[in-house]
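Participant: Heads up: the sequence lines are chains A and B, in that order. First residue of the first sequence? That's 1 in the working numbering, and the numbers climb one at a time after it. First residue of the second sequence? That's 387 in the working numbering, and the numbers climb one at a time after it.
Because the hints were derived from the structure by calculation, they are not lab data. Quick reminder that beta carbons are idealized off the backbone N, C-alpha and C, glycines included. Nothing false has been slipped in among the hints.
Under the rule of at most 25 Å between Cα atoms (straight-line distance), these lysine to any residue pairs were calculated in the SDA-like manner:
#, chain 1, residue 1, chain 2, residue 2
1, A, Lys60, B, Ser446
2, A, Lys363, A, Met97
3, A, Lys60, B, Pro445
4, A, Lys363, A, Arg314
5, A, Lys363, A, Ala222
6, A, Lys60, A, Thr116
Listed next, with one range per pair, are the computed distances between beta-carbon atoms:
#, chain 1, residue 1, chain 2, residue 2, range
7, A, Arg266, B, Ser404, 25 to 35 Å
8, A, Ser101, B, Pro453, 42 to 52 Å
9, A, Ala195, B, Pro430, 40 to 50 Å
10, B, Arg447, A, Ala356, 34 to 44 Å
11, B, Glu428, A, Pro180, 58 to 68 Å
12, B, Pro411, A, Gln156, 29 to 39 Å
13, A, Arg223, B, Arg449, 47 to 57 Å
14, B, Asp462, A, Leu205, 33 to 43 Å
15, A, Ser227, B, Arg449, 56 to 66 Å
16, A, Ala163, B, Asn423, 46 to 56 Å
17, A, Val232, B, Ala418, 47 to 57 Å
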Amino acid sequence: MRDVCIVGIGSTPFGRHAGTPIEQLAVRAAAEALRDSGVDRGRIGALYLGNFISGPLNGKEILAGIVGDQLGLPNIPCTKVEGACASGGIAFRHAWMAIASGQCDAAVAVGAETMTHAAGAQVTAALNCAMDNEDDAPSGLTFPGLFGLAWRIHAQRYGTTRAQVSAVVRKNKAYGLRNPLAQMGADLTDADIAASAAICDPLQLFDCCPTSDGAAAVVLAARPLPSDLQSVPVDILASVQTRGAARIAGHPDLCSFDATVSAAQRAYAMAGIAPTDVDVVELHDCFSIAEVIDSEDLGLVPRGQGGAWALEGRTAVDGQVAINPSGGLLAKGHPVGATGVGQIYEIVRQLRGTHANQVRGAKIGMTHNLGGTGVACTVSLLRRAA
Amino acid sequence: MTAAAPSDLTLPMLRCASCGYLDTPSHAVCRACLSTNLQPVEVPAIGRIVSFTTIRRAPSRFRDQAPYHVAVVDLDAGPRVTGRLAAGPPALALGARVCALSAEPTDLLFTIRDNS
Ligand SMILES: [Zn+2]
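Next comes chain B alone, as it looks inside the complex:
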């Protein structure tokens, strides 16, 4: 874990070398042009909340963590990702600015930015 400020964290993505399309790393071909020439890139882990929910009945492998908050976030860089939200935001309006506290592929955790 680095000592970087949360907003400095980046997320790994794949950028198509043929057409420039940016997508998550779980792809073997570019969905825009079917090229297999995909280059690893890092994008800022900042964006806006599309929606969120609080999971109170969790699948067995996450049971000990419930309740927890799941958010869908549109990154400023383009891709839409699904991750966790650190604090319970019951009164939060959708569209709030978030940045990542952790950007590991298996531990993507966002928090609301104080000043948007």
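So that you can see chain A by itself, here it is in the shape it has in the complex:
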């Protein structure tokens, strides 16, 4: 396997892009990443695009080919990948593999989604395509509902409180206020969160990520790097993808995701580092309680302590391990297929030292992208180049 670096990044703001076709968002992000890298388009050997529901919501497929065409890329393989909310992370990993395996010397990974133009019920129905529609969906379960189930178990087993989970919401919403790409930053009190609409017990509206449009892209290249690079490169130490249970009944424990646990373990082993080496993390906080669970599954926080660590400020930018300084999905937004690539974008900014919520001296960063009922997961570890 060859060593691979991230050499360029680009992103649209996450939020509402009414009237902008999805492929134009993707092309805008990818063009920004190519300009940021300085890599000539003629050197790009593959493009991977992560998207989840452009078919049902836009009536558009073959997005990877459309984007490659509009970017004026050579006659290279352009491939769309799908793994629900993990689609972007999967696109990134495939681009890394294409280069690491020697198939090409440079590649583009892009993620894109548009959702805000569709009616709420239409979006819910499209998202539910990632649920088990034989055994789980007939009960009327939703994705917030899945995390309501998990929250109750976490609360009973570990004593996790509403105030602890609200600390996650307040932290991420506050970071979102300072992230220029974020959709829904806010300065919230516990009372604001408790007073927001009840979605499914115990989740209130502010416990849930918004519906978003957006695209993000990165350019990857093999070492030795091209001499015409314009940006500080970031090393990819590991990128791992795992499968978890495709239905509720498949999870032996509803408040832990096997796919996350195994992806993290393999990523640490591949990179030759320990969880305590990680300075900054962008993880999949589709719901507030998900950040609590993910932080434990990734081995960053002791099991059962995710809520307590958030309330004590140990997951803040100046804490023991900075979690979601972008604002996370809760505040930055969750344009589903774009999220995994957007996480890479945020970590690269941290490792370049140019983030709006900069973690001082950040050297090693992690991304965690989780799809469906935990059926698909990617974990990547990145390091500031020496």
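For this one, chain A is given, so just place chain B with the ligand on it according to the hints.
Facilitator: Just chain B with the ligand now, with coordinates in the frame of chain A:
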């Protein structure tokens, strides 16, 4: 609808004739041994609550039913299933014993058993 007592209701499952693994009917092969020789069986619709939630924002096809309670139940027979819970149980401890009031594949409805 039969006049049977709720705890007499059964749920359809598939039992692998090769290795005995029991799973829900939505399977073509046994996940334990990949055999396709799966026999329909009925198991008692009784078990314990793993967790539950109350859905207040429902998908469009269930909108007229909201709010409703969804529970994950570990059947005594083994399989874990997702269904509805009849009454709102805000103070309920997880692990409570439940039995089915309805055991149709599209209408699996549990209720708390009075004496566990
Ligand atoms: Zn078998």
